[in-house]
Amino acid sequence: MALDLSALTAYIDEQNFELATAALIGGRTAGFLTPQVGVKGETKINKMDVDVTMQDGSGCAWNASGDATFTQETIDAKQVKINMEFCPKDLNSYYWRTQMPAGTHQEALPFEAQFASYLVAKVQDELEKVIWQGDATSGSGNLAMFDGLLIDAANFTDCNGTSGSFGTALTGAIDINNVVEAVERIYVEAPSAAVAQDDFRVYLGVDRFRTLVAAIMNGNGGASILSGGALQGSMDRADVDPLRIILPGTNMEIVGVGGLDGLDKAVGFSSNNAYLGVDLSADSTNIESWYSQDDRKYRVAMEFTMGTGIAYKSEVGKVII
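Note that my numbering has the sequence shown beginning at 10, numbered continuously upward.
Careful, some of the hints might be misleading.
Each computed SDA-like pair below joins lysine to any residue, with the alpha-carbon atoms no more than 20 Å apart [to be verified]:
no., residue 1, residue 2
1, 87, 146
2, 87, 46
3, 98, 119
4, 98, 87
5, 131, 323
6, 306, 99
7, 56, 164
8, 53, 306
9, 306, 91
10, 131, 294
It should be emphasised that the hints constitute simulated quantities derived from the structure, not laboratory data.
Remember, it's a predicted structure, so these values are computed and weren't measured experimentally.
Sequences are here, hints too, so could you generate the full structure?
See the structure below:
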């Protein structure tokens, strides 16, 4: 005799309700930009320059000379919204039915907390790309929401030219053989006043950043920091952020960001020169959720205003291949 189980379907346990979610790089760049709050649409960055004219001071004459000049740059901020809706009853046909409340009238989703937390993280991950690559005129999908930092790249200081200290331009892709030089070019060729700022940083995609770390460790572009059994430069920034290091031999920080991932671009600027326009800083992390009795659906909404702007474009160094 034996158990006849031929009429049964093999049991698969589906009752682990801790949801797995895909890894995200996250919204990193926004934290390095200067916030300009109260922005509800197109907004100006107000700039001032002053002429300093030195004169012979041996006499008593008063000779006024020098102007204070006021100019503006634009943050073309846009209003953005995210609208989603779900029918809780759709879950009754699947393993989630064991987590649904008793009764036909169902006003909530059993995974609301996990969903809200991941949605905020996913929105920041998407905004990270728009902050760099956004193009409100010719972009597509999320990249059409507002102009990103690279929209002004044509006006950045080109550190990959043939007339500077390096003599030739990098070509092809940024890889382990030239990534150190790409960063060095910004350090050498970007305007001195910009590089002298305490908050001047070079930004790479996370993929190119990891390539840079590997190149430095292996001595591409100079002696390895690991050679001779002792560190010859500083790469110890894991206590702050595993995607931030100091370029050995300098005080210039290099940051890996998701918004440049997959791009052969290195960009350097002072945080005080790059602006993120928002209405309220917390708007892009606030979620509204409610049960709509009109159509018996669970709805989610997010709304925020955002845009980017660079005050002095020539003070941004670029190596774009």
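Checked hints:
1. 87 / 146: Holds: residue 87 and residue 146 sit about 12 Å apart, inside 20 Å.
2. 87 / 46: holds (13 Å)
3. 98 / 119: This hinted pair holds, its Cα atoms lying about 12 Å apart.
4. 98 / 87: Violated: residue 98 and residue 87 sit about 36 Å apart, past 20 Å.
5. 131 / 323: violated (33 Å)
6. 306 / 99: Status holds; Cα separation ~10 Å.
7. 56 / 164: holds (17 Å)
8. 53 / 306: Roughly 41 Å separates the two Cα atoms, so the pair is violated.
9. 306 / 91: Judged against 20 Å, a Cα distance of about 16 Å means the pair holds.
10. 131 / 294: holds (10 Å)
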